[in-house]
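Chemist: If you want the building blocks of each chain, they are given just below.
Protein chains: 2
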Amino acid sequence: MPASFHPPVRTLMGPGPSDVNPRILEALSRPTIGHLDPVFVGLMDEIKSLLQFAFQTKNALTLPVSAPGSAGMETCFVNLVSPGDTVVIAQNGVFGGRMQENVERCGGTAVMVKDEWGTAVDPQKVEDALKANPAAKVLAFVHAETSTGARSDAASLCELASSHDCLTIVDTVTSLGGIEVDIDGWGADAVYSGTQKCLSCVPGLSPVTFSERAAEVIKARDHRAQSWFLDLELVMSYWGEGAQRAYHHTAPINALYGLHEALLILHEEGLPEAWARHRRNHTALAAGLQTLGIEFVVDADHRLPQLNCVRFPDGIDDAAVRKALLGQYQLEIGAGLGPLAGKVWRIGLMGFASNQKNVLLCLGALESVLLQQGEKLEAGAAVAAAQASFAS
Amino acid sequence: MPASFHPPVRTLMGPGPSDVNPRILEALSRPTIGHLDPVFVGLMDEIKSLLQFAFQTKNALTLPVSAPGSAGMETCFVNLVSPGDTVVIAQNGVFGGRMQENVERCGGTAVMVKDEWGTAVDPQKVEDALKANPAAKVLAFVHAETSTGARSDAASLCELASSHDCLTIVDTVTSLGGIEVDIDGWGADAVYSGTQKCLSCVPGLSPVTFSERAAEVIKARDHRAQSWFLDLELVMSYWGEGAQRAYHHTAPINALYGLHEALLILHEEGLPEAWARHRRNHTALAAGLQTLGIEFVVDADHRLPQLNCVRFPDGIDDAAVRKALLGQYQLEIGAGLGPLAGKVWRIGLMGFASNQKNVLLCLGALESVLLQQGEKLEAGAAVAAAQASFAS
Numbered sequence: 001m002p003a004s005f006h007p008p009v010r011t012l013m014g015p016g017p018s019d020v021n022p023r024i025l026e027a028l029s030r031p032t033i034g035h036l037d038p039v040f041v042g043l044m045d046e047i048k049s050l051l052q053f054a055f056q057t058k059n060a061l062t063l064p065v066s067a068p069g070s071a072g073m074e075t076c077f078v079n080l081v082s083p084g085d086t087v088v089i090a091q092n093g094v095f096g097g098r099m100q101e102n103v104e105r106c107g108g109t110a111v112m113v114k115d116e117w118g119t120a121v122d123p124q125k126v127e128d129a130l131k132a133n134p135a136a137k138v139l140a141f142v143h144a145e146t147s148t149g150a151r152s153d154a155a156s157l158c159e160l161a162s163s164h165d166c167l168t169i170v171d172t173v174t175s176l177g178g179i180e181v182d183i184d185g186w187g188a189d190a191v192y193s194g195t196q197k198c199l200s201c202v203p204g205l206s207p208v209t210f211s212e213r214a215a216e217v218i219k220a221r222d223h224r225a226q227s228w229f230l231d232l233e234l235v236m237s238y239w240g241e242g243a244q245r246a247y248h249h250t251a252p253i254n255a256l257y258g259l260h261e262a263l264l265i266l267h268e269e270g271l272p273e274a275w276a277r278h279r280r281n282h283t284a285l286a287a288g289l290q291t292l293g294i295e296f297v298v299d300a301d302h303r304l305p306q307l308n309c310v311r312f313p314d315g316i317d318d319a320a321v322r323k324a325l326l327g328q329y330q331l332e333i334g335a336g337l338g339p340l341a342g343k344v345w346r347i348g349l350m351g352f353a354s355n356q357k358n359v360l361l362c363l364g365a366l367e368s369v370l371l372q373q374g375e376k377l378e379a380g381a382a383v384a385a386a387q388a389s390f391a392s
Numbered sequence: 393m394p395a396s397f398h399p400p401v402r403t404l405m406g407p408g409p410s411d412v413n414p415r416i417l418e419a420l421s422r423p424t425i426g427h428l429d430p431v432f433v434g435l436m437d438e439i440k441s442l443l444q445f446a447f448q449t450k451n452a453l454t455l456p457v458s459a460p461g462s463a464g465m466e467t468c469f470v471n472l473v474s475p476g477d478t479v480v481i482a483q484n485g486v487f488g489g490r491m492q493e494n495v496e497r498c499g500g501t502a503v504m505v506k507d508e509w510g511t512a513v514d515p516q517k518v519e520d521a522l523k524a525n526p527a528a529k530v531l532a533f534v535h536a537e538t539s540t541g542a543r544s545d546a547a548s549l550c551e552l553a554s555s556h557d558c559l560t561i562v563d564t565v566t567s568l569g570g571i572e573v574d575i576d577g578w579g580a581d582a583v584y585s586g587t588q589k590c591l592s593c594v595p596g597l598s599p600v601t602f603s604e605r606a607a608e609v610i611k612a613r614d615h616r617a618q619s620w621f622l623d624l625e626l627v628m629s630y631w632g633e634g635a636q637r638a639y640h641h642t643a644p645i646n647a648l649y650g651l652h653e654a655l656l657i658l659h660e661e662g663l664p665e666a667w668a669r670h671r672r673n674h675t676a677l678a679a680g681l682q683t684l685g686i687e688f689v690v691d692a693d694h695r696l697p698q699l700n701c702v703r704f705p706d707g708i709d710d711a712a713v714r715k716a717l718l719g720q721y722q723l724e725i726g727a728g729l730g731p732l733a734g735k736v737w738r739i740g741l742m743g744f745a746s747n748q749k750n751v752l753l754c755l756g757a758l759e760s761v762l763l764q765q766g767e768k769l770e771a772g773a774a775v776a777a778a779q780a781s782f783a784s
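Quick mapping for you: the protein sequence lines, in order, are chains A and B.
Residue 1 is where the first sequence starts when you use our numbering, and the numbers rise one by one after that.
Residue 393 is where the second sequence starts when you use our numbering, and the numbers rise one by one after that.
Bound conformation, chain A alone (with noise of 0.2 Å):
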């Protein structure tokens, strides 16, 4: 006979979910009410001015997507590609091969332009595809790629793209909330972000917003998007203008509490303050792993302060560290993807959890869990540099 779930307390420090503030946990049990219910719609307008404040934007066309992230990303691809379009894809990582899945699968052709993963994207061979390819039609691209750590210049990108006649879709999942995201600054097009990671709500919603341009086009299609469940112009008929509100799908209404709640939060910390946070106990972080001997894959100036990817000693057993620090720590953190799979850890520091008490557990955690496994570490010296590093 199956009982009740009760989830062991685990502190998240991985590539996300990342840990969740209490407030919007209890926010989630608030009681349910109408999808069409006039205060519903009300609260619904709240968190479009919301998204619009986290993502810098004055884009009417912002909201919550009723899925996860790699939804959101769907919702992009299949409202602004259409078959026969070109376009060119920066891929440093899993995400950018992810957005090629997307567009083939929309019957477009995606040029690859491929950089080191672990590397920002490299504009200069971005622009030279854009020139290879006039026809191109959008630029996609990760800003901060949850796989390997690094931050790309989504300011120059967008440019890029503008002075090429080319729309723009970005991935922020990661960025949001955690370092500047400035959509209406970079003249981005179509972006998507997650709510699990520096929003640090639960997973489950994909946050999105759109240009006036790219309004235009999906406005101007001579067909219909092949997905119905993420046809913008269906979708808007719900989250539109207007105290009427069509009814599309039934909304997640309780998890819109949730990224409420979480928005709110962001907001009352204030933007700056969040991305002075994260770079804050990035900082302690790094100083305690240097003691370890732990280097990061991705060079200091574009190194992503809540997702910090690291390549372990050599010999080190990777999946025996990693159980070590759940079983005795209840301590998550990543493990590596595609390449750098059984080569690197990925250490989040993300929205919430991106505190001073994290940064002392996750260094003494690994030390403890390191000399465990017969490293030469002098004991306490990780923990020592973070706390001085604090303090600096």
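By construction, these hints were calculated from the structure, which means they are not laboratory data.
Among the hints, a few may not be true.
[Claimed, not checked] Listed next, the stretches of chain A that the computed footprint assigns to chain B, with coverage defined by at least 3 CB atoms under 8 Å from CB atoms of chain B:
{"hint": "1", "stretch": "17-24"}
{"hint": "2", "stretch": "27-36"}
{"hint": "3", "stretch": "98-104"}
{"hint": "4", "stretch": "197-209"}
{"hint": "5", "stretch": "217-226"}
{"hint": "6", "stretch": "244-251"}
Each residue gets a CB set at the ideal place from its N, CA and C atoms; glycine is no exception.
Guided by the hints, dock chain B onto chain A, whose structure is given.
Modeler: Relative to chain A, chain B alone:
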């Protein structure tokens, strides 16, 4: 400055979301763990088993899609319908029309077999269509039409499809947990449901199940599904057998806690007991409505006990009544859709909300509001009729 959102405490007796059991709301707020955590993988296995129980199936390919019911519908179509395929769709309400949208967006041809809204699907018309379209690959229909409250004969329709070598796609969004759903008994091939109806869970997930035969068709495809997010070949790498689960997308962890608890509650009660409870409360509601001069749209043999679609008396101000119920009694009932808009109410008695208390509340509140609107009624008669029904 926005503030935390505190919803009013409604009683949800519309077409869904229905009232959520507080056990489920509490489950949503349990601590988030990782989507690859071994403890979470164990929970996924339990959810699969409980879904098999609820659907009455042994299908291995049984899982909750990480998005609402309309994404569950789309999962069935994008995985089974290829460009050029013919699909016979029996339409007797809103959701048959949505199926047509899905087929056409998959590049298929939809052969529509239409029945009047409020009636069951006519098996004879379906048989005629299957005979006239020998190349048809799929028969799609809605078991319990949420827009009209009509139940169709799923067993007969599946048998018809089988005898014409057709797969079936069956919508059980409103039926699962409220009336008998017997996937293996029917021999249905691809079935989707929702969480916010008779499972009394929050909206946002869509349980699906696929027969061995449907799974073979999916494996034998010579092209990729047009949706990456809903491609079952990829989704199954995460939801499939064994302890090793490959990352596809980040599962909506806390929503799945809620679904697990909802299925557990159904399991504790038992399927026949849950169906009997829905019938009993429907019978009492119907007795009360009769005293108010309110008639059912659907004939007695095909009525859904969980969704009572009723014509209100001539001259009633539809919107004013629903607004008064919401304002004075915090009670939500549903409006009509499509050709039934402005003519009917849809009164849900779904899952946790299907209880004696709600029957009396709804009748008492409706009677009060109708009296306020100047209707000539005997005060208390509706409640008395329901009490008599419960006592009998």
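Chemist: Quick check: which numbered hints come out false for this structure?
Modeler: none
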